[in-house]
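Asker: So you can see what is in the structure, the chains are spelled out below.
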Amino acid sequence: MSIQYEALADSYGVADSFPKDFGYGEEETDMEDSPAPSDSKPRILLMGLRRSGKSSIQKVVFHKMSPNETLFLESTNKIYKDDISSSSFVNFQIWDFPGQVDFFDPTFDYEMIFRGTGALIFVIDAQDDYVEALGRLHLTVSRAYRVNPEINFEVFIHKVDGLSDDHKIETQRDIHQRANDDLADASLEKLHLSFYLTSIYDHSIFEAFSKVVQKLIPQLPTLENLLNIFISNSGIEKAFLFDVVSKIYIATDSSPVDMQSYELCCDMIDVVIDVSCIYGLKEDGSGSAYDKESMAIIKLNNTTVLYLKEVTKFLALVCILREESFERKGLIDYNFHCFRKAIHEVFEVGLSTPRIGAQNAGTPCLMKTVALNGTPRSTV
Amino acid sequence: MNALVALCHFCELHGPRTLFCTEAVHPPSPSPPQPGSAMMPDREAEGERDGEGLTMKANSSDTHKADMCEGCRSLPASHPGFVSVDSETGIRFLSHQHPRQPQLFSMVRQACVRSLSCEVCPGREGPIFFGDEQHGFVFSHTFFIKDSLARGFQRWYSIIVVAMDRIYLINSWPFLLRHLKITIQNLQSTALQRAERIFSPAAFPHQRSGNAARSLTSLTQHSDLWASLHTSFSWLLKACGSRLTEKLLEGAPTEDTLVLIERQTEQEEEMNAEGVDSTAQDSQTTWDRDFLCGDDGKDEEALGPQFKSLRHLRQVLGATEFRQLAWHVLMGNQVIWRGQNCGLIQSAFRMLKALLPVGCVRVVPYSAQYEEAYRCNFLGLSPDVQIPAHVTSSEFMVLVEVLNVEQANAYPAYKEDILSLYQFHISSANTQSTDKGPTLLSKIELALANENLSVEVVSHCLLCLKEEWMNKVKVLFKFTKVDGRGREDTQKVLALLGATGHGEEDNVRLLKFWMTGLSKTYKSHLMNAVRGGERSMNKMCGEMIPLSVYLLVLLLLSVFIVRGSACNEFNRATFNNLQSSIEEEENKGFKQIFPKNYYVQHHFNSSIQCGDPCCVISAAFLLADSWKQLLQHIESIHMKHNFISELILHLNSIWKGSFQETPNPYVFPSVPSSPRSLLTYTSDVLAKWLALNCPVEICVFPTPAPDQQKEQSGTEGATVDEGSKYEKEGERGKRWITVAVNNGDMALSACPTFLLCTVCFLRMLLDIMLKELG
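Protein chains in written order, with the UniProt record's numbering: chain H, 1 to 380; chain A, 1 to 774.
By construction, these hints were calculated from the structure, which means they are not laboratory data.
Glycine included, C-beta positions come from ideal geometry on N, C-alpha and C.
Please note: incorrect hints may appear among the correct ones.
Unchecked claim - Only some residues are given here: those of chain H computed to face chain A with a beta carbon under 7 Å:
| id | residue |
| --- | --- |
| 1 | E74 |
| 2 | S75 |
| 3 | Q100 |
| 4 | V101 |
| 5 | T107 |
| 6 | K299 |
| 7 | L300 |
| 8 | N302 |
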């Protein structure tokens, strides 16, 4: 399997990463031509007070650490830069900050930190008194905004597993209110904060992170459109495009996301990966748990079918559908084939844009279709 | 060591913090305001400062006031800290939580943050080095201390050594690492023991802030922890400081620098001695000059035409006039410029000054009255000043009149062109032709005339030429003033220096004038060297004298010493070295190089050897000749060519000067012998010569008995047993007495011979030595 996979690496290579012309400010465009130094990748910053759970989030989401183990993490003493682009579709650096260190101290070049940043996640411990955290949030966000107004500001109201549902809503409302008041006082109304209730003990952290990442994907509308067309023509209820490693969903159709179905899909990925890790590897341990052949069908007893298929090296499509819809598996598979092709094309365009007319003289019509309509016509 | 050692901690509540810091405070006396000493009076007030102290607030943007938990506090604010005094040097080692000075504080704070929160050490625990010129350089060793109650069951610490001297710190790396490791291991092992005793995973609490920080003292259960850290840090600073001492090594200072330094110290001494009066007077005189000079005195750069370089001066004046002027400058005659434009004259002096060593320059840039020649050799005068008659008629003076040209004022745009503004008229009572000139002047003119050389190159060239002649001056000084040698000898030295011949008189004048410009350091040094006698010769290979001069002086002296007295150490060492290399060649080298039946025809005869000095000297002469015979037959690329030349050189040095005329070796019969046996003879002769304590005597070259001569002429080759015949006949005594009568063609007077030999010897020795050195 691995050999076959290697042979396909070329076609994967184009689809496995974000386009380079991401365009976060001028600095980014400047760095485009250089052979991608690690710092030139857009960053997601994890900031917040000490013990608010930054390292835990990072470990749980990207390193599959079990939530219970995070209790034994030592405090982060320096910026921990995690580059997961080699294993994940999420081609970002995740920067985990130590909460104790004030990076607005003149000894640090905080402008450098914020300049290449895509998203700033500020983590607030909901179980603690969050007044101090709000103060720090305001300080951080306003400074960062001044350096780079393109940053998406996300606030994770974290550790909500310990709160009752009412309390959760109340906390979110309160934090939202206060933070926005502070911003209004500083006449920074343009600065938009998004709030999420998260916990590492359930899937909320994955969902929240998914939304953060989705905002950074410029092709998101195209992807959503593709998924919409795909499910409507195949009789599928819900479809997620997953980053397999982090279980972040890159895109979904435009029907509302039900937390339970998301969790179901996450669990399915876990099952598939676990099973193929145990039985799918060769005897000498080589091979990959997830490759081109990866595919799974799980039929639940409530006439629901879960259907997983590989899309690219890092991405998987997970669908939830009725049993009766699944009878037309041939149609679904054909539509999936078209969908997969379209996805590859989408990311191909992104990659080849900077080189238009040079080597890719053969594919301009394809690119045009994509560029003009947003959706390749060939789909379904 | 001029450094600071600090223990830092990454506090779970407050991030990186400095816990404990030991600094070395130097005693105030030796150098002006030592930062530490200035802080000493503050020690009284220190008790009032609480915890963080004012400096902390001023320097860190940390807004949390007075937030110091148990974990980031070492000594309570009321604790006076620790002090150790090094009785030898008077250096105090002070320890407290933070350094006292604000600057140091911020440096240490930054180093602490970087060591714990920025710099990445592979393996997390271990030594790293970072820093920059501004914030100092830091050697940092990070480590964990086990704590069952900490997040991750361990706490981060680091020991940093902050110093401004990068090279010193890097060189101390192994030392610091070795000793810091010991300290760290002590801390870690005690903490580990304790943590193991207490550890119970179930007890691991979800503590939010309660027990988040614990002090190092409680972690290690070491009540005197800080005192012991103080001692080990103090020791580290002291030991590291005495481990390496720095020495500044620079090239030998030029004579000019020495003179400048001397002047500076003299001035300082004067200032000290005369106090305020002199400064007032000084400023008065300068003011006078400024006044006389008009505005030009202040910003001479901007105003009026100026001479930009010597070449420019030469172009303006014309080659002949310039030569005349330069000649006077080099001879030390008084050069007077008279004219209105003070700036122009000053610029001219600036250019001309470059021709002389600094010590010879005495300038009065612009004066309202005539100054005597002993006071200045460059004198600028305003046009209305009368020069006394005895001066104008003196041939040791040259006057340059700067006359304004009227019409020039109409075209200020052409101000740059000096010729359009001024005319120069050079006059001197000296009728002597300057054509021959000193050799130096000709060389300078060549350099100036060569338009391919940039001004920069010319100035360097000038510098080299000056240095070259300064060296000659030094030799002459040593020779005439210190050794007090007679005229004849001086003449020889001059010849050796290349000062004779064309323009000799001028050269000598120049040398004598320049002698006045020698630095006092050098003069006294030479005087001492001679008074100290032989021994200080070695010391003379010191810093002051450029190597070449040193060698020259040394060789000159050694030659004269050889002439006059017994072996000096230099001689002995040389010949001992030679002996050992001969021995080596005898056993190995020559065997391999020369064929077994290789014979050389020569005139040396083992029979002429005896214990008498003259005997040895003659033998040396004959041997040298024999080697020359051999040398004629081998190529210059021959492996032993150099060695043999060296042998000849040394043998020559033995006999040179001992014969009134160069003897003729052909009076002795030609004998064949192998190169190896020649080596043996040489070794014998050298040994004997050394045993006789390097005798120098006037000898008479021996001749063989006449009948032998005849016989030799008859039988050219078969002379092997002739030597034995001599011995048998026991005619040695006779031969010594006989006076050589032939070889009139080679006759040279003794002295030139000697000098020639000296020169040869010097040249070759010098070459050899330089080769050895370079």
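Asker: Would the hint on H/V101 be counted as holding, given a Cβ-Cβ threshold of 7 Å to chain A?
Answerer: Because about 5 Å separates H/V101 from the closest Cβ in chain A, which is inside the 7 Å limit, the hint holds.
Asker: So, as I understand it, the hint says H/E74 touches chain A; can you test that by seeing if any CB pair is closer than 7 Å?
Answerer: 2 Å, holds
Asker: So, H/L300 near chain A? Judge it on the closest CB pair being under 7 Å.
Answerer: Violated: closest Cβ of chain A sits about 37 Å from H/L300, beyond 7 Å.
Asker: With 7 Å as the cut and Cβ atoms as the points, is H/K299 at the interface with chain A?
Answerer: It is violated, given that the least Cβ distance between H/K299 and chain A is near 42 Å, above 7 Å.
Asker: Does the closest beta carbon of chain A sit nearer than 7 Å to the beta carbon of H/Q100?
Answerer: 3 Å, holds
Asker: Holds or violated: is there a CB of chain A closer than 7 Å to the CB of H/S75?
Answerer: 5 Å, holds
Asker: Do the numbers back the hint for H/T107, that is, is its least Cβ distance to chain A under 7 Å?
Answerer: 5 Å, holds
Asker: Interface hint check: H/N302, Cβ to nearest Cβ on chain A, cutoff 7 Å. Holds or violated?
Answerer: At 38 Å from the nearest chain A Cβ, H/N302 fails the 7 Å test, so the hint is violated.
Violated hints, in rising order: 6, 7, 8; the structure is consistent with all others.
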